[in-house]
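Participant: Each chain, letter by letter, is given below.
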Amino acid sequence: MTQTKEPGADLPLQQQEKVVIRFAGDSGDGMQITGNQFTSTAAFVGNDLATLPDFPAEIRAPAGTRPGVSGFQIHFSSSDIHTPGDAPDVLVAMNPAALVVNIGDLKAGGIVVVNTGNFGKNDLKKARLEVSPLEDGTLQGFRVIEVDINKRVADALTESELSPKEIQRCKNFYTLGLMYWVYSRPLEPTLDWLAAKFAKRPALVDANQTALRAGFNAGDIHEMFQGRYEVPACTELPAGIYRNILGNQALALGMIAGAEQAGLKLFLGAYPITPASDLLHQLALYKNFGAITFQAEDEIAAICAALGASFSGKLGMTTTSGPGVALKTEALGLAVSVELPLVVVNVQRAGPSTGMPTKVEQTDLLQSIWGRNGEAPIPVIAASCAADAFDVGVEACRIAVEYMTPIMVLSDNYIANGSEPWKLPEMDKLPKFTAKFRTHVEGETFLPFARDENGVRPWAKPGTPGLEHRVGGLEKEDGTGNVCYDAENHEKMTHLRQEKVMNIQRSIPELEVEGPESGDLLVLGWGGTKGSITSGTARAREDGASVANTHLRHLWPLPPGLDELFGRYKAILVPELNMGQLWRVLRSEFPQHNFISYSKVQGKPFMSFEIENRIKTILEQ
Amino acid sequence: MAAEAVLKKKDLKSDQEVRWCPGCGDYAILNCVQGVMADLGVKRENMMFVSGIGCSSRFPYYMNTYGFHSIHGRAPAFATGIKVSNPELSVWLVTGDGDGLSIGGNHMIHVLRRNLDINILLFNNEIYGLTKGQYSPTSRLGLKTKATPFGSLDYPFNPISLALGAGATFVARTVDTNLKHMAGILEAAAAHKGTSFIEIFQNCVIFNDKVFDSVSDKKVRDERMVDLVPGEKIVYGNDHEKGLRLDGYHLEQCSADEAGVWDPSTPTAGPSMLFADIDRDATLPTPIGIFRQVERPRFEEGVHAQIDHVTETKGPGKLEDLIYTADTWKVD
Ligand SMILES: Cc1ncc(C[n+]2csc(CCOP(=O)(O)OP(=O)(O)O)c2C)c(N)n1
Ligand code: SF4
Ligand SMILES: [Mg+2]
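Sequence order for the protein chains is A and B. Residues 1 to 621 in the numbering used here are what the first sequence lists, from first letter to last. Residues 622 to 953 in the numbering used here are what the second sequence lists, from first letter to last.
These are computed hints drawn from the structure, not numbers from a lab. All C-beta atoms in this analysis are idealised placements derived from N, C-alpha and C, irrespective of residue type, glycine included. Do not rely on the hints blindly, as some may be mistaken.
Below, a list of computed lysine-lysine pairs in the BS3-like style, where the Cα atoms sit at most 27 Å apart [stated by the list, open to error]: (1) K801(B) x K863(B); (2) K616(A) x K18(A); (3) K436(A) x K664(B); (4) K951(B) x K432(A); (5) K197(A) x K951(B); (6) K631(B) x K767(B); (7) K753(B) x K461(A); (8) K939(B) x K432(A); (9) K753(B) x K767(B); (10) K814(B) x K630(B); (11) K461(A) x K664(B).
Computed Cβ-Cβ distance ranges for the label pairs, DEER-style [unchecked claim]: (12) R60(A) x L895(B): 44 to 50 Å; (13) S353(A) x H930(B): 54 to 60 Å; (14) E808(B) x A196(A): 53 to 59 Å; (15) S353(A) x L895(B): 42 to 48 Å.
Footprint (simulated), chain B over chain A, 3 or more residues, beta carbon under 8 Å [claimed, not checked]: (16) 34-44; (17) 234-241; (18) 250-257; (19) 275-289; (20) 396-406; (21) 459-468; (22) 474-484.
The following block holds chain A by itself, in its conformation from the complex (with noise of 0.2 Å):
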């Protein structure tokens, strides 16, 4: 396959700052293999990219039909970007059902590629359209490219000794090589994907690569394309090394890493469920780290043994999602009585109740921070992103093991399954926390609920001699733990456990502002909206609004300084994909500040505009 001169190269070559795909197809056509490849490749161009998968609730649903539309969208670019991006410049669809549900989002004049090989009578039917949306007006407005890749595919392929079913099934890297030739991207990085992935198969190798090339060199054809693009390596970014990861790629390894920092081996104890099941995929791997992975009988069970875990001296940690929390909860208010570090983590999804599990929501907050039994206090964090992910990760190991307490750790599916460019942690810039065990008895005897300056119980584990104690839901007499039922000192017990959690706060840094110091409006947001708030912010403030934002991390308690910030601002919106959970927070502990709720709860991420036009809006009042 060599060439003399690189297939296009008489088309104008146009720069572009940046550009929004969206590959949609039926789940069975391998639209997340082509999405994670364009990605790959984006990273290794060196360009800011921001990714967001969309996968259909059934694993696999009849195809062609709209439920069974897989799709996944790529935002690439040579600036600093926040998120996947609002609307599509281009989308990609394979079936007439991966048309019409994706259409709508198109950019206006955006471009669209289809497959005309499946759209024949059949495929409109499953799709439940009379007409083809090619010719009844639907694509008006939009530049079509039309191309069999059936054909096209099988045309190529002619020589492969593949079946014929086998040679459709590479249609997606046929799709791929004609993106790639359209935004001039190089084959390499894919091609040596497919040479790994499929070693054991070369007849596997040599189609898929046959297929991609012909991909790529069919752009060559002047009529389809007008032009070939090229989106330079981002240069905004700040100096680093720098890789792709997913959300919950970089929350395990988080987890890892502040079991590491903490001297601690980690204990996970988890049961599938989506979106979480990744992190118990990924920690399972991890066993040369001498992390236990165990998938135990249901989430009670899972949470149980890891608090069991903690007593043995592991970090213990458990991950699930809303239903998963929902069974925790008993377990978790004996981890806040019983005082031992537990990493608890939420891939929140939609609910109530099984709700939409594939879909994004922020409705698990007062859950997170109330949801329990008794007065039972446990600190609340959320990542903002997907490489932010490590980050919180990490500090929730370290407030877990520096206050002996549960932590919930918040994420979502829209962080969990996006990815974006990760600046690595310089490793010896990593905060350390080693975890300290008590060895003998310290006085006369041993008091395992006894307090440190900052409210906290020493860890004593067993096998220690000298050191054996009793732990367990009843509540303890201050000191030595005994099981107490006397009045003054549950109240006594019930402050000390509040305190110990709000002294959290002395190590919790402020919030640093984007944007003006002070002025009308501040935008507070927490979660994986920052993307959005941010990006919407800074166009509102680029036409001259007087708007700043700010993000939390910290949810409970709450970082120290809140006060004197909110009162530089004539008003905080907080936008939340929930019906105003953190609002209602703020509103209790800062009565005194005018807190505007902006909610969402569509299963979708807030788009940038969307921030956008309600800070000018609100403004505009």
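Go by the hints and put chain B with the ligands onto chain A.
Facilitator: Frame of chain A; chain B with the ligands shown alone:
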């Protein structure tokens, strides 16, 4: 153990006042466990008692060892986390018929199939003691309690059959009125490598008094109970004159001379299952002793063997290598 300070029974008594009702069967069990534990040759700091919630589950507070009084039904999960994290520990799980078989039934079957090297003591008083006397999953049909004023309609579990069905590798039964027998069973359980499940008939004087008397009372027990002793003839009766034997799938009474020899280690649990249920026939005695005793790989061993193996093949994990992978790029 010559160099070690020898543990005495009193070393295992905690300074906490025992708060069961006077006459409760739990006292006898506590006493017996403390005696047996002192002689196990296990260091006190390596002894770990875990429990759920119930009268019986207060047990760890009375042992001067490490202890975890957890939440209702979940002790098997705590024990799993504890034992896997530190296989050196001698882990004892105390549970009740409600704790272990109702709310914790799921955890119970799973801990049994995993076969961690722990010992489970199920105090069966056929009642919810702590919540003041509701029927439990082992209560007999027709039992009148506050929750069943017209008699229970709930068909009971046989804990032995349940444990056997879950694949337990050591299954035994003993009674709070026969401490010599209990001590023998506890010792055998401690020696067993794998999960030992021991059902203990325990009298609740307040809410279900004398429920086992018809078989376990000193006056009748030789006639009404048969002790299954591995490798010994299956005999009972005041003068050890009666026997039981298997004829194919059929169990029959016979004279002591013709009695079968008890084998709890058959390839399948079939014979054990057969014996677990014999007292459904009122003319047959209630079996106690060791129903099942087989070896199977232990979960915690497997976990650590896998960790060792992966560490050997991949080398000890280095965090930096995990973070700085091949697919990185540099921004200047
Ligand atoms: C989640 C929860 N539900 C219910 C209870 C109330 N409760 C405590 S002990 C118990 C039953 C105990 O029965 P059993 O396990 O047989 O123990 P016993 O008291 O008979 O020894 C119940 C229902 C509880 N503590 N926690
Ligand atoms: S209620 Fe029954 S089981 Fe509970 S302590 Fe009293 S006698 Fe024992
Ligand atoms: Mg009971």
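Participant: Hint by hint, say whether it matches the structure.
Facilitator: Taking the hints in turn, this is what the structure says about them:
no.	hint	result
1	K801(B) x K863(B)	holds (22 Å)
2	K616(A) x K18(A)	holds (25 Å)
3	K436(A) x K664(B)	holds (23 Å)
4	K951(B) x K432(A)	holds (26 Å)
5	K197(A) x K951(B)	holds (26 Å)
6	K631(B) x K767(B)	violated (39 Å)
7	K753(B) x K461(A)	violated (35 Å)
8	K939(B) x K432(A)	holds (16 Å)
9	K753(B) x K767(B)	holds (9 Å)
10	K814(B) x K630(B)	holds (24 Å)
11	K461(A) x K664(B)	holds (14 Å)
12	R60(A) x L895(B): 44 to 50 Å	holds (46 Å)
13	S353(A) x H930(B): 54 to 60 Å	violated (41 Å)
14	E808(B) x A196(A): 53 to 59 Å	holds (57 Å)
15	S353(A) x L895(B): 42 to 48 Å	holds (45 Å)
16	34-44	holds (count 3)
17	234-241	holds (count 7)
18	250-257	holds (count 3)
19	275-289	holds (count 4)
20	396-406	violated (count 0)
21	459-468	holds (count 8)
22	474-484	holds (count 3)
Consistency note: the structure conflicts with the earlier hints numbered 6, 7, 13, 20.
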